[in-house]
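Go ahead and model the full structure; you've got the sequences and the hints to work with.
One-letter residues, chain by chain:
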Amino acid sequence: MNLETPKKFRGLVTQAHQVAANYFRPISRKYDKAEHAYPQELDLLAALLDGMNAGSPDAIGATSASKRGASAEQAAGNKNGGNLSALLGVMELCWGDVGLLLAMPRQGLGNAAIAAVANEEQLQRFKGSWAAMAITEPGCGSDSAAIRTTAIKDGEHYVLNGEKIFVTSGERADSVVVWATLDKGLGRAAIKSFVVEHGTPGMSVARLEKKLGIKASDTAAISFVDCRVPAANLLGNPEIDVQKGFAGVMETFDNTRPLVAGMAIGVAKAALDRTRELLKKTCTLEYAKPLLSVSHAEATLYRLEAEWEAARLLTLKAAWMADNKLPNSKEASIAKAKAGRVANEVTLKCVELTGALGYGEDELLEKWARDSKILDIFEGTQQIQLLIVARRLLGKSSSELK
Amino acid sequence: MKFDVQGQALSVLNRLAQAHWPDRLKLRKPLEKLIYRGSRASFRLAAERAAKSARGPRPQTPDGLFDLALSDEQQMLVEMLEGFASEVLRPAAHDADAAAMVPAELLNQAQALGLTFYGVGEQHGGMAAERTTLTNALIAEALGKGDLSLAAALLVPLSAANCMRRWASAEQQARWLPAFVGEQAAPLTAIAVSEPTPLFDPQQLRTKAKRKGSHYVLNGEKCLILRGLEASQLIVAAQTSQGPALFLLDAASAGVERRAEPGMGLKAGGTARILLKGVKVPAENRLAGEQFNYQSFLDHAGLAWCALAVGTAQAALDYVIPYCNERLAFGEPISHRQGVAFIVADIAVELDAMRLMVWRACARAEQGLPFQREAYLARLLCSEKAMQIGTDAVQLLGGHGFTQEHPVERWYRDLRGVAIMAGGLQL
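Protein sequence lines correspond, in order, to chains X and C. Under the numbering used here, the first residue of the first sequence is numbered 93, with each subsequent residue one higher. Under the numbering used here, the first residue of the second sequence is numbered 5, with each subsequent residue one higher.
The reader is advised that the hints may include incorrect statements.
[Unchecked claim] List time: in silico DSS-like cross-link candidates among lysine-lysine, alpha-carbon distance up to 27 Å: (1) X:381 - C:214; (2) C:216 - C:281; (3) X:465 - X:302; (4) X:303 - X:122; (5) X:381 - C:212; (6) X:122 - X:302.
Just so you know, these hints were derived from the structure itself, not from any lab. Quick caveat: nothing in here was measured; it's all calculated off a predicted structure.
Now the structure itself:
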């Protein structure tokens, strides 16, 4: 057993940390203030990342977190592949800035979805394009089975109608992966995902949201009115398989939830590091004295660090399981639930610990405390994760344990 | 209490042999010692199966990769001890709690398991290699699934052996350790660290050891010592002029006064108060290993309590799941309510968090990496979450959980001890 950062990814971690410290941090506040302005600095970085990833099986970024990510190594035994490397990269980059990471071209969750469920032809066709992810609707959030956007087969096309909200990079991306139902009467099994390219007639960006945090990342509402999408853009199997049900589209989450947990771990680490720096004259952490005999501030720092470590290990476990092709739905949800709530608690406590300094805009602590809230919400709220975990443990269906 | 150690071992061996049998020669020796010395027929069977399988053992963490898998030997040990925990410890736990002692028959069975072999180095007839911290934690976790307080009591001999192997000099080890792998049980050796002070800090010991010629003279008071009353030897932590040190002393020495000290829980552990009044200990009985590190000694103890807590928290989760599914209210199982289901989910989340924190600290320890920080954070997390899980388990069972009809009230009392106990055990 070895639960340390794998040696082969240490270089990647150092690189990602350098990007976070020297590229993201200097422009962090700028784009927090200039909501909806595109951080053009990211174009250069994205190109650099593409170049780095092109020749490497252990690439950083969304697309490497797929069950295929590890396919390069087929040898038997323990594997550390695309899920772990992507996770380690994301943790470091989000130590820099979550909003900027989410705004990174070609690193969207849509790309992760494509990487996870597309066929070979689609993988080739959408290679190098930037895809956003559109699931949520005004009337359905966590309840993604209640999707009302429809896709009706018409010859070589599907015709999409409906409205999507909270689409990260929905305006800037080249395309949007849209979840829609082929038949509302058939429930979850009829929900499929479609790649819709910007410029397709009938698709329009209705507005951009103003948010509590992650302001560098644009969040769009997109409407589809008789929008004709080529049938070849349906990801995965076009048949409605009632047996398999929702599993197809949900598979994506087993890979993306650990990544979002990784974002939470990154931003929480940023807050912890800075708080310890600001408190270093008053708090010394020696990891020896009983918790009851240290100052309250020290005890708080210890406790937050323990919670943070726990969240980090749970997330590494979920990603490691994905790399080793072990079923990890429960573990992915456990990681997401824990990391989301821990990051939110850590960043808010750090503002409290640093007082007026942390609350003011001269420091980034208040920004991190705003950014972290979304990580407890998107890609499935904490409560949805707990529901998934509970159903698995108790052997309950979604109709029994609602 | 019919538990056939050999039969259990065979069934595990059988399953394992069919899956992937590890290196035959490497495992044969420890297995024989572990399961039943003198019953070699079973291993011949295992060996025959092994010969049919071409697959080799899985190498341990090659290239520093992240790896959560247990080795085949660890996996087998865990399965066997979990069987022992559920078939022997759990049924005995209620009465042991009431009697505040481990039944004699159970002590014999535990001796037959030969766990102390894991605490004694190969040169002294045991099978503790360099990497044993995690394996020791897995032993504690597996036994903790049966009952925390019985598991703690049964781990005292292994803990004493670990303590001597880690912290005694080579000469002392040669003198003390062979007894732990003999035919008869070794002299029961309790480890005494805790003192009856609120906010007790084991780095600030009030028990003093003063050097007088060829002896040390110990004065002080130790509390909540696991099996302290029945022990024939004590390992006592005391402050010397060079800092904290450990001393092995005869429990019958002049100046040692002992009395039962029952607590809220850990009752089967037979906790005792021990007074030391001018107790003379020969200087050569001060544990004198070159690597002696009092902080590391405390960390190995803390991790043992954490590992037990992980096992018992797992037992609590495994217990509340069927209960919540079977208990009806308002016409359906209470597990259909989010207010109940979310508590169950939270137990699972924090339990896995506890386990990973403990495993990581132990894995670092046995790799020779610094692990003080990891042990401290693991202890902090386990203290808090184990108690939360204990109280949630009682809550989920409601009034029934408050009665001794169910084990959760006992675990609730035992788990409160995790944050409090210093020393006592040693991985």
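task: Taking the numbered hints from earlier one at a time, note which ones the structure violates and give those numbers from smallest to largest.
output: Those not satisfied: there are none.
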